[in-house]
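A.B. asks: What follows is each chain in one-letter form.
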Amino acid sequence: MKINHELCDICGTCVAVCPADAIIVSEYKVEIDNHICTNCLNCLKVCPIKAIREG
Amino acid sequence: MIKDRYDVVVVGAGPAGSVAARFAAVEGATVLMLERDREPGIPVRCAEGVSHNGIEPFIDIDKRWIASQIDIAKLTSPNGESAFMHNNGVGYVLERRIFDTALCELAAEKGVQLITKANVVGLIKKNDKIRGVKFRYMGETKEVECDLVIAADGTESRVGRWAGIKTAVSLRDIDTCVQYTLAGLDLKRNTCEFYFGNEVSPGGYIWIFPKSDKTANVGIGIAGHLSHKKGPKEYLDEFVNKRFPNATITYTVYGSVPTSATLKDIVKDNIMLVGDAARQVNPITGGGVVQVMVAARIAGRVAAEAVKKGSFQAKFLKKYRREWDKTLGNTQKVMHSMKEKFLFMTDERFNNLVKFCQKIPAEKFSLKALFTEAVKGDPKLMLDVAKSFVVSKMKLK
Ligand SMILES: Cc1cc2nc3c(=O)[nH]c(=O)nc-3n(C[C@H](O)[C@H](O)[C@H](O)COP(=O)(O)OP(=O)(O)OC[C@H]3O[C@@H](n4cnc5c(N)ncnc54)[C@H](O)[C@@H]3O)c2cc1C
Numbered sequence: 001m002k003i004n005h006e007l008c009d010i011c012g013t014c015v016a017v018c019p020a021d022a023i024i025v026s027e028y029k030v031e032i033d034n035h036i037c038t039n040c041l042n043c044l045k046v047c048p049i050k051a052i053r054e055g
Numbered sequence: 001m002i003k004d005r006y007d008v009v010v011v012g013a014g015p016a017g018s019v020a021a022r023f024a025a026v027e028g029a030t031v032l033m034l035e036r037d038r039e040p041g042i043p044v045r046c047a048e049g050v051s052h053n054g055i056e057p058f059i060d061i062d063k064r065w066i067a068s069q070i071d072i073a074k075l076t077s078p079n080g081e082s083a084f085m086h087n088n089g090v091g092y093v094l095e096r097r098i099f100d101t102a103l104c105e106l107a108a109e110k111g112v113q114l115i116t117k118a119n120v121v122g123l124i125k126k127n128d129k130i131r132g133v134k135f136r137y138m139g140e141t142k143e144v145e146c147d148l149v150i151a152a153d154g155t156e157s158r159v160g161r162w163a164g165i166k167t168a169v170s171l172r173d174i175d176t177c178v179q180y181t182l183a184g185l186d187l188k189r190n191t192c193e194f195y196f197g198n199e200v201s202p203g204g205y206i207w208i209f210p211k212s213d214k215t216a217n218v219g220i221g222i223a224g225h226l227s228h229k230k231g232p233k234e235y236l237d238e239f240v241n242k243r244f245p246n247a248t249i250t251y252t253v254y255g256s257v258p259t260s261a262t263l264k265d266i267v268k269d270n271i272m273l274v275g276d277a278a279r280q281v282n283p284i285t286g287g288g289v290v291q292v293m294v295a296a297r298i299a300g301r302v303a304a305e306a307v308k309k310g311s312f313q314a315k316f317l318k319k320y321r322r323e324w325d326k327t328l329g330n331t332q333k334v335m336h337s338m339k340e341k342f343l344f345m346t347d348e349r350f351n352n353l354v355k356f357c358q359k360i361p362a363e364k365f366s367l368k369a370l371f372t373e374a375v376k377g378d379p380k381l382m383l384d385v386a387k388s389f390v391v392s393k394m395k396l397k
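Protein chains in written order, with the working numbering: chain H, 1 to 55; chain C, 1 to 397.
Worth flagging that the hints you see were computed from the coordinates, not collected in a lab.
Some hints could be false.
Stated by the list, open to error - For lysine-lysine, the following BS3-like pairs were computed, each having C-alpha atoms within a straight-line distance of at most 27 Å:
| id | chain 1 | residue 1 | chain 2 | residue 2 |
| --- | --- | --- | --- | --- |
| 1 | C | K3 | H | K50 |
| 2 | H | K29 | C | K229 |
| 3 | H | K29 | C | K74 |
| 4 | H | K45 | C | K233 |
| 5 | C | K341 | H | K45 |
| 6 | H | K45 | C | K229 |
| 7 | H | K50 | C | K229 |
| 8 | H | K29 | C | K134 |
| 9 | C | K3 | C | K166 |
| 10 | C | K230 | H | K50 |
| 11 | C | K326 | C | K359 |
| 12 | C | K308 | C | K134 |
| 13 | C | K129 | C | K309 |
| 14 | H | K29 | C | K309 |
| 15 | C | K233 | H | K2 |
| 16 | C | K264 | C | K326 |
| 17 | H | K29 | C | K142 |
| 18 | C | K74 | C | K63 |
| 19 | H | K29 | C | K308 |
| 20 | H | K45 | C | K230 |
Just so we're clear, the structure is a prediction, and the values are computed from it rather than from any experiment.
Make the full structure from the sequences, and use the hints.
C.D. replies: This is the structure:
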């Protein structure tokens, strides 16, 4: 999963639906740990600004 | 001065965190509250609508954080027909930025210490027991010990996960949201508006909450499993372009509301979850501010009792769960199964619902009157609603 940081609003919606706890939020940035990610695509589907894509 | 050790550490200084912290401190617990952002309440990811009766038990009403007073709700169905509801009690559109800070000030008055720009990054565990939290502050990783962690870290909560609690919600149990604060409008300041329909806002609604007669929070929440192809921003832009073509956007915010029932586990040894982190929002309206404060008051009191007794086992902390269920948790379960029905509502049904509302004289409006009209007009809909009550009662046992 890849995050477009120019779009991301750091709202944390992706974290709430991640079954793998692969997403980390700080005040400044959201990051996805692709080693833990199970590719379920939940985050990509609910991101309100569509800032997440596969890859 | 920050100490090395507190009875209770609260993560997150939203309404859930600051109310839990206050009620724990009032009863004598030493409490530290850690907030990631530079200021409580910022960014405002909220439409800011609350009821007077809901917030009044928690804070003296103060003009400083009230943008407008709401007396009328206007519902608009997919076919464009509207109904007006008065008599539902006074509501407010808040200034959450000031409101959240005011709640923190109340907590501070009771002895709670708050640190902002403190990002909690992990739990300290000894022999598998939670003993404190780690946080990043001024470029350093710091540690603070405590007997009890209260995780009030919002929808994006991770603290519960670190404690081994399953907090992920399914796509159908999250509303994905976009909101604009618009300027240059011409509005009735005392009227909030709601728009329904599968073309307008699938599995959710669009809201207009006026902050003055020229400005309003205009936003949308749509069900997560229906948002993949066309996202909330596209729906909202269509609406705004039609309804307010000349408006200026002064603020844009994204976010989400959990619309599930409360999590199965909201306590474990040495930890409690509260607020959006515990998924304690009203699943139909998406209103969380009042509900999370109600939960937080219970959590804070139980925390203080735990401190007095020196018992931080889940067995004791479950008192919070029991009292929450009795107060609002069980109702939330019913609301959640009703929401499931709303997710499948056709536009025709929405049209009917607004028609029923129209039949009730505005000043006589009550839920009971609505039910009476609806039973006459759409027995199937009411049967579905009744079923959710039955289903959830069975689940309660
Ligand atoms: C678009 C939208 C509109 C809404 N409209 C309404 C409405 O009109 N009326 C209503 O009643 N409710 C509304 N809600 C819901 C309401 O905003 C929430 O239910 C409420 O804010 C929950 O309070 P909380 O304290 O649990 O969480 P929050 O208010 O989200 O507070 C959590 C806090 O924890 C902090 N935090 C998170 N992680 C960490 C960490 N690791 N370390 C330190 N701090 C951390 C965050 O920065 C945040 O300040 C809306 C929500 C959205 C998204």
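A.B. asks: Given the proposed pairing of K129(C) with K309(C), does the C-alpha separation stay at or below 27 Å?
C.D. replies: 18 Å, holds
A.B. asks: Check the hint pairing K326(C) with K359(C) against an upper bound of 27 Å on the C-alpha distance.
C.D. replies: Answer violated: K326(C) to K359(C) is near 34 Å, above 27 Å.
A.B. asks: Within a Cα-Cα threshold of 27 Å, do K45(H) and K230(C) meet the stated pairing?
C.D. replies: Distance ~10 Å between K45(H) and K230(C) Cα, so the pair holds.
A.B. asks: Given the proposed pairing of K29(H) with K229(C), does the C-alpha separation stay at or below 27 Å?
C.D. replies: 25 Å, holds
A.B. asks: Has the given pair, K233(C) with K2(H), been kept, meaning a C-alpha gap of at most 27 Å?
C.D. replies: At roughly 20 Å apart (the allowed maximum being 27 Å), K2(H) and K233(C) satisfy the hint.
A.B. asks: Run the distance test for K50(H) versus K229(C): straight-line Cα separation, threshold 27 Å.
C.D. replies: With a Cα-Cα distance of about 10 Å, the restraint between K50(H) and K229(C) holds, given a limit of 27 Å.
A.B. asks: For the pair supplied as a hint, K29(H) and K309(C), confirm whether the alpha-carbon distance does not exceed 27 Å.
C.D. replies: 41 Å, violated
A.B. asks: For the pair supplied as a hint, K29(H) and K74(C), confirm whether the alpha-carbon distance does not exceed 27 Å.
C.D. replies: Cα-Cα ~39 Å, so violated.
A.B. asks: Are the Cα positions of K341(C) and K45(H) separated by 27 Å at most?
C.D. replies: 22 Å, holds
A.B. asks: Taken at face value, is the distance from the CA of K50(H) to the CA of K230(C) at most 27 Å?
C.D. replies: 10 Å, holds
A.B. asks: For the pair we were handed, K29(H) and K142(C), check the Cα-Cα distance against 27 Å.
C.D. replies: 20 Å, holds
A.B. asks: With the threshold set at 27 Å, check whether the alpha-carbon distance from K74(C) to K63(C) stays at or below it.
C.D. replies: Cα-Cα ~24 Å, so holds.
Hints 1, 3, 9, 11, 14, 19, counting from the list given before, are not met by this structure.
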